[in-house]
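Got two chains here, separate frames each, mind docking them using the hints?
Residue numbers (the numbering used here), protein chains in the order written: chain A, 1 to 291; chain B, 1 to 159.
Keep in mind the hints are simulated off the structure, nothing from the lab.
Predicted model, so just to flag it, every value in this text is computed and none were measured.
When the alpha-carbon atoms are kept at most 25 angstroms apart in a straight line, the in silico SDA-like pairs for lysine to any residue are as follows:
| # | chain 1 | residue 1 | chain 2 | residue 2 |
| --- | --- | --- | --- | --- |
| 1 | B | 2 | A | 25 |
| 2 | B | 2 | A | 18 |
| 3 | B | 2 | A | 20 |
| 4 | A | 29 | A | 154 |
| 5 | B | 2 | A | 14 |
| 6 | A | 2 | B | 34 |
| 7 | A | 29 | B | 3 |
| 8 | B | 142 | B | 154 |
| 9 | A | 29 | B | 5 |
| 10 | A | 29 | B | 46 |
Using C-beta positions, here's what the derived DEER-type ranges look like:
| # | chain 1 | residue 1 | chain 2 | residue 2 | range |
| --- | --- | --- | --- | --- | --- |
| 11 | B | 138 | A | 16 | 47 to 57 angstroms |
| 12 | B | 124 | A | 278 | 24 to 34 angstroms |
| 13 | B | 118 | A | 158 | 34 to 44 angstroms |
| 14 | B | 18 | A | 45 | 21 to 31 angstroms |
| 15 | B | 156 | A | 141 | 48 to 58 angstroms |
| 16 | B | 153 | A | 176 | 39 to 49 angstroms |
| 17 | A | 174 | B | 71 | 28 to 38 angstroms |
| 18 | A | 266 | B | 36 | 41 to 51 angstroms |
| 19 | A | 249 | B | 70 | 49 to 59 angstroms |
| 20 | B | 153 | A | 173 | 41 to 51 angstroms |
Glycine included, each C-beta is placed from N, C-alpha and C at the ideal position.
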Amino acid sequence: MKPPRFEYLAPVSVEETLGLLGDLGERAKVLAGGQSLVPLLNFRLVRPEHLVDLNGLAELNGIREDDGHLVIGAMTRQRAVERSALVRERCPLLAEAMPQIGHVQIRNRGTVGGSLAHADPAAELPAVVAALDGRLVLRSARGQRVLTSEQFFVAYFTTAAAPAELLVEVRLPMMPPRTGSAFMEISRRHGDFALVGVAATLTLDESGVCTASALALTGVGRTPVVAREAARALVGVRPTAEALAEVGRRVAAAVEPDSDLHASREYRIHLAGVLTRRALARAAERATGAP
Amino acid sequence: MKERVIRVTVNGRPYEQTVEVRRTLADFLRDDLELTGTHLGCEHGVCGACTVVVDGAAVRSCLLFAAQVNGAEIQTVEGLADGETLNPLQEAFREHHGLQCGFCTPGFLMTLTCFLRECPDPSEAEIREAIAGNLCRCTGYKNIVAAARAAARAIAGAT
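Pulled out of the complex, with its shape left as it was, chain B reads as follows (with noise of 0.2 angstroms):
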């Protein structure tokens, strides 16, 4: 077979869609879905540029099929704002610099978002392994690990 027919819930949305078996995730949410905001960097899994999380995990979009996620909840970086209003992972990414280019971010945001979740008291020493697998070559990482200080505090003082 070489297409199939998956539902996905992806930010909430669900959809039912006829995909090509070497469909990867990340080109079925930029080009079927049109979820643009998953950037795609290396396609071999080492920039991280694609990670969107998977049922509660952050995972390379680029090294799983579109057909591996039938029956699954998605979260892209488009799932992260409140219409205009950012949350405050990204809040802080702005507030901190923790972007240049931007390139990376959508990556940046999605492992920080899990990252966020399992660990909502990191010291520095935590963020920088977490954030081990996404690359950035613009900021040197200093600003993304202060935003991801100040999100965990603001998300902490929030609830």
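So here's chain A without its partners, still in its complex pose (with noise of 0.2 angstroms):
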């Protein structure tokens, strides 16, 4: 359980490692908070000859509100988006989810853009993304591009990310006036990866009548699952339980999970069913200014 020998290079700007990505091509991989990725070194499932040191990037750092969006550097460390009051106050579903990341020591060290960019179809981050129809902004030495979860999110722990790309920020659309949130899992234990998850949104106008509203699925598919024909069918009417119960059948219907050792397709397409009319139930009585 020893990683396999590599090359370390630890630049100090985005603009060297855009150097050192573009010349490395796939012979590197980029180390963010090393929480999934040391793993996989150590159990040699993964053997780069240049591993790229992000931790030097002080420009990737940090939370900052820019003309309505929530913009997070990719290498703001978990917890420190747990602990904004930024986030809490503009971008609560982001905000609820961070704590149902791994385990604090995990959290102490994982970054945002390094769970985004593994990838995985568990992940709480890359669901809350999705459904906020945010955007992921890579760079690489010929130039930017800014790209939907849908574009970003490829295939399990594939993402449309080039070698010489890289990851620098998520950009994240506040949250309108009579918004709603929730973000809900079911694990076997707290911290493991979840079964399933689901990150729902729901604003209400004055009269209580539903005008927008957006799902995302963690754990049933080959990427974060924007369940958006389900969520258009609560827009124009008022969130009743029968309403947010025929979206949780019309999730269930449409997914289709793998089994695995974890869980069966068919309790995972309940589960994706139960917490979908959950969340939208909690986002619903948040619209209203429950906490």
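Next comes the structure, spelled out in structure tokens:
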């Protein structure tokens, strides 16, 4: 259980990093918080020739507001996001998802960009970005690309980022007024990867009719799964128990999870329906001002 | 570069060493500095036995490379006691039988060292949440929780 040999590079700027990635291509792997990559190295499931450590890139660390968006640098520690008053105020869905990631020791090192680039379909952050229709900003020596989550997440542990590209930040639109959100997941033990998770948002007009809703699920596909059709069924109606149950049934009918060691396909489908209903109900309560 | 020179402070003592870049912090502490109080269980970030404090934050030392902690201040379990005198957290573990075989104990102590700094008057639920990333196969956690509560009281009483 020791990592294979590699060359270690510790650039001090994004420019320098992009130069290295451009030169090294697939021979290099970037090291963010290391909470997924280092286990893979220890198991020797990955054997990069070069490890490019991003931990010296202070410019990728930070949370800021910009033009109606919450912008989070890729090297921002998950623990910093969890404790950010700005995140709690501007993006409660993200704030609620954060403590459900791993354990505190993991979140002390783990980064936002690392989790997104690792693209585990069971992970929380990809689903949050998908539900909020956030944007992922990639840079290379040749320029910048801004992708939606559906463009970025390609398959299990696979993103659209080219070897020469670096995820530098994620941009999340701030939630409009009278919007509630909820992140719920079921795992076998606290801190384990969730079997299924649901990120839900719901906006009500002044008369209590839903004007917008978004749903993204973890653990039911090769990427975070956006249940756009099911969420759209809520628009124009009141979020009654029956309406929310119907959305849960639609999600359960639409998802195509695989069975694995941890849960059967049938159980995941069941969880997807139940968690959708519960998360939307919580989001609807919060849209009216409940905590 | 397959080797690096690093300077770190461990338990208040400065070190300057050449390390192979693939050396984990855990192996660096145990094999290079001979601080074998930090234990290695799973070596992939699950068990929490190797938890140490780096610049004030509890982290898994099996998931960090020594080359990454250049300039850092590190505290390990060896840094808790004052000579033969246990600190209040260690004393609470002894008093409340918060350990049996002791393998996981250094990780619990370092996790709780950070936690009690951040949350000096924790509820039982908060303690259980805080130690969720540390596995113990002997105690069933009950006495570890009791020890953490007693330590919080002892630390509050002493200050």
